[in-house]
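Which chain is which? The protein sequence lines are A and B, in order. Number 571 marks the last residue of the first sequence (the working numbering); no jumps. Number 1572 marks the last residue of the second sequence (the working numbering); no jumps.
No lab work stands behind these hints: they were computed from the structure. All C-beta atoms, glycine included, are put in the ideal place defined by N, C-alpha and C. It cannot be assumed that every hint is accurate.
Non-contacting residues of chain A with respect to chain B, defined by C-beta distances greater than 10 Å in every case (computed) [as the list claims (entries may be wrong)]:
{"hint": "1", "residue": "E123"}
{"hint": "2", "residue": "W315"}
{"hint": "3", "residue": "E320"}
{"hint": "4", "residue": "E447"}
{"hint": "5", "residue": "M467"}
Capping the alpha-carbon separation at 25 Å, the derived lysine to any residue pairs in SDA-like fashion look like this [what the hints assert, rightly or not]:
{"hint": "6", "chain 1": "B", "residue 1": "K1228", "chain 2": "A", "residue 2": "S121"}
{"hint": "7", "chain 1": "A", "residue 1": "K318", "chain 2": "B", "residue 2": "I1211"}
{"hint": "8", "chain 1": "A", "residue 1": "K300", "chain 2": "A", "residue 2": "S121"}
Facing chain A, a subset of chain B residues (Cβ under 10 Å, in silico) [stated by the list, open to error]:
{"hint": "9", "residue": "D1234"}
{"hint": "10", "residue": "D1450"}
{"hint": "11", "residue": "T1454"}
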Amino acid sequence: MEFAELIKTWKVDDVVVSRPLLQPARGTLCLTSHHLLFSSRGAGSLELCLLIRNIDAIEKSVQNLSGYQTIKCVTEPDGDRFVGSSGIITVKCKDLCIWYLEVPGMEECLNIASSIEALSSLESVAHMYPFFYRPKQASLQQGCDPCTPQVQFTKLSAQTSNWRLSYVNQEFRVCASYPEAAIVHKSIDDATLRTAAKFRQGGRFPVLSYYHTSNGMVIMRSSQPLTGANGKRCREDESLLAAVLGPGMKGYIIDTRSLQAAHQARVKGGGFESKSNYPNWKRLHRAMDRSRVLQESLMKLVEACNDQSHSIDRWLSKLEASKWLSHVKVILTTACLAAQCVDREEACVLIHGSEGRDSTLQLTSLAQLILDPDCRTISGFQALIEREWLQAGHPFQLRCASSAYSHARLKHDAPVFLLFLDCCWQMSIQFPCSFQFNQHFLITLFEHAYASCFGTFLCNTEEERLMLNVKRQTISIWSKINSPSEREQYVNPVYERNDLVIWPSVAPQSLQLWQGLFLRWIQSAEHQTEAYAQIYHIMAHSRKSTQANSEMATANKEAPMPRCQDRSEAV
Amino acid sequence: MGCPLLIHCKNFRVAHFVICQDRDCYDVYNSLLRLSKPVEYEELYAFSYNPKQKEMDRGIGWKMIDLRKEFQRMGVPNEHWEETDVNKNYETCNTYAANLYVPREVTKPTIVGSSKFRSKGRFPVLSYYFKENNAAICRCSQPLSGFSARCVEDEQMLQAISRSNPGSSFVYVVDTRPKLNAIANRAAGKGYENEDNYTNIRFQFVGIENIHVMRNSLQKLLEVCELKAPSMSDFLTGLENSGWLRHIKAVMDASFFLSKAVAEENASVLVHCSDGWDRTVQVCSLAGLLLDSYYRTIKGFMVLVEKEWISMGHKFSQRCDHLEGDPKEISPVFTQFIECVWNLIEQFPCAFEFNEKYLLEIHDHIYSCQFGNFIGNSQKERQELKIQERTHSLWPFLFEKRCQYRNPLYKPSAINTVLKPNTAPFNFKFWCGMYNCFDRGMQPKQSVLDSLQTAMKQKPELEEAVEDLNQKHLCLDESHSPFALPIKLSTEKHSPQMQVLHVSHDNTEKDKIQLADGMETISDEIEKTKNVMESSFMEQSTSNHIDSLALVKLNVQGDEEHLEIFQDKLEK
């Protein structure tokens, strides 16, 4: 197998592994095709099993004997000169952890490093670990498809008959990044859809994303219309949107670009819905930053978090300069705006940017989290991710190719999904009792989106997943999360279903750095864990006694009849 | 439309009123202007506050905290430390308490000599005694050393402090000021200890800024809090420029230094700043909180505030602007202390018996002047004012309501644990609960603590019910038939709140939304809601809470209800 050729050194003894918050451990390091394994002997032993895919960047340096403060970069292995010395490999992971491996022998060190580099640069999806991962208990079918468009439609048809399930995209002929089935307005036939799709970038015609039960308003999403510089129009696309609005209804189009950017897009063939061609639809432009900017923001934030030597002023100015929280604020604000239109204004909403696969999805999914209590449950959130991210064609493979440390300046990677998770976390701290899941659940999703033994987040679209047979040949992360033994750890102990619409505050005073994620490897969470255990304990205890009580009460209610009989018999 | 009135309170509340008639508004404005700046102590609310309590109970209330008992708890007096009556009638130092603790080996003349060499006569006294290893925290004011002056008695005093801790060969002398400030003081005949003149001391500056810097810093912080729809960058830049969190960190760092010296190096510490009643208090009381788990209980915290702040002459009336006076004396010294404690609660969620509400309540009362505890600038002054005879004490009032202040996560431990806070910059967060306390929209909409409290309250009742049922079950067990007694289950969760501080707009509350921009494009209605939300009112505030008043033009529609309640209050 080709992996073997890439690995120059399989095994090294006497390696010292360390990371902040952890005692250094000495042991054996092994490289396999998909993992970096480490095992130390003796008391307090450390077992490490790191997915190669999780490695974001690696750096090599010589151990300076007079103290490791001055780390020098080694550019080329220089013959025998380094024999006997040792090297340090810094492994920076996509989950933001940084490991230090001190490898005895310069040659070994360089071999290990270059092997890791070679293995981690394998890009072929079919060779990725999920295709090889076969845990004993799990079956491949388990946990697949918690929410297909069909399931969503069944739920929807219980509430309204205005929408239908269209298979116009069968075999992905109309839109490569959509699933084969889509929910559209019932008065629109497939021919219209086909024509309208041609008028939208990537064929992403407007489809239903969310139906608001309390007033029947909907959120739809699409990509930008291809009006071009000459202001082309498409009757089918117009009728598609017009059909959604009943008589006297109004709609809002939330464009995730600034008006200027939308105008500029016309030069490249894109564009926006003009007022005259789409009467009753009002356009709102909300500028949201895109991939490159977001990626840099993440890098700056993580860099600031990793440097503990800052003074408060420096820390605050770096936090500010990273703009991470600004992005969070903009996304949450715009999501609130969308939810506002639906719930307060009783209007329908169409959301798109240019491609409709990034910021659009952040908004549609966050708006649902605000509006729909079902999305705030563990299973509902899974369905939301399935629907609004995986099937809606968020290009996970491209966006999550590298994380905060990578030097490879890829064009497509961006922490779009991570920002969404951060916004979810912000909402969960403002409504700590309204979410069934805890932050550990969100962090787990973040980790698996970037590197995973499960196949869920592989590829960019449903079509690609189908071609590689991902659903048949890999295990779904939901099967792990939903297994009874695992599920417990993701449950928020103070959760109590809240059927109201929840409006998060987007004031800067209310938004916080997500310490549980960004400082996870830097700051000990000992006391927070202790507090969490205490909360868990109190709630479990309270539930137990409530339960015992209600059992007693039920027993009590059922009681009178037989007793009366007893008595009558006695009489 | 009406005439708008904007009120800034010292507890960081901002209230907007609209009063129908311009004339009324000016009247209210002028009345409040006068009422909020009393000239005499007797005008303060505490002297007229009457909770209809028995005279005896009032007296008992004042005796709730007994500092002599507190020193006994610490293990003082003992072979090294004793109580001295040198300040019995406040003759040696008129800003100190009457009962003070000093090393057993120093004589009265030494104390008096030392006090003459210290600013305002504030000679070194015991603040906290760590009985595990005999190390002590002592406090004083700066020495009057100038460029070269010495004082034998003062040197003896320090040596006695050093000798009272046989476990260590030296004593730390911590000057909490920045070095430059201390040097500047030398020119005025004050200054800091010269290491050459004192045997076995290790001198250290910790660089906490003075009250004027702190006052300005808070001013800048509040400006940031009041920005209308700030962007994230505006806010973070403003927060940074205010320097507020930097000062909080400095206080925390210094306190942590003290607790480490005592607990880890077994060394005693002598702390001072200029006069030893601001920075010194902050640092000593926080170090006590880190070292001793007793101070992390509801009662213990009262004792700590009484011991370090009230009895040792923190100038509450001047710092909190109780009376019309020198604005340069105002400074948020106590506020910073409370914020540091809040930071510790955030870091150690299971270590404190009390919660954030308790801190906010105490903070509120240093300004409210409803109780006598914080009135005046020293014990002597309070005695002259006959505070104990004429006013009520805050502590029993709080203690009665202690259920509300309890932290459900609190894990009392049998052995004393020393807290080791992490003082990395990201641990210092903006305290929205304090500075935007009344912008309800910014606060978390649900509270984990509340749910836990409910769950815990429910528990005993339910357990009782279960017990009850079990017993009945037993009685019926003989006949082997299920029991049939109708049993009422009481699962009432909340007793109505004791005190309503402000009326919440329940119908709008849950729907409140803070959209930075874009609202106007959609709806005016939301704008209206926002405005209504902003005009929260002050049912329970005393006029002493009022910091500044302004007649400003606001686009709020007149709201008669507000006015009525407001006038009611004024009549009272």
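If you take the shortest Cβ to Cβ gap from D1234(B) to chain A, is it below 10 Å?
-> 7 Å, holds
Distal placement of W315(A) relative to chain B, Cβ over 10 Å = Its Cβ does come within 10 Å of chain B, the nearest being 4 Å, so this is violated.
Are the Cα positions of K318(A) and I1211(B) separated by 25 Å at most?
-> Not satisfied, since the Cα-Cα distance of roughly 28 Å exceeds 25 Å.
Hint check: 10 Å Cβ-Cβ cutoff, T1454(B) to chain A | Given a least distance of 8 Å, the restraint on T1454(B) holds.
Is it the case that E447(A) keeps its Cβ farther than 10 Å from each residue Cβ in chain B?
-> Since the minimum Cβ distance to chain B is about 21 Å, E447(A) lies beyond 10 Å and the statement holds.
Minimum Cβ distance from E320(A) to chain B greater than 10 Å, as the annotation requires | At roughly 4 Å from the nearest Cβ of chain B, E320(A) sits no farther out than 10 Å, so the non-interface label is violated.
Quick one, is the D1450(B) hint okay against chain A at 10 Å, beta carbons?
-> OK, holds: D1450(B) within 10 Å of chain A, min 9 Å.
Is the Cα-Cα distance between K300(A) and S121(A) 25 Å or less?
-> The given pair, whose Cα atoms are some 24 Å apart, holds under the 25 Å limit.
Was E123(A) rightly flagged as not at the interface, with every chain B Cβ beyond 10 Å?
-> 36 Å, holds
Status of the stated non-contact between M467(A) and chain B (beta carbon gap over 10 Å) | 41 Å, holds
25 Å Cα cutoff - pair K1228(B), S121(A) | 49 Å, violated
Hints 2, 3, 6 and 7, counting from the list given before, are not met by this structure.
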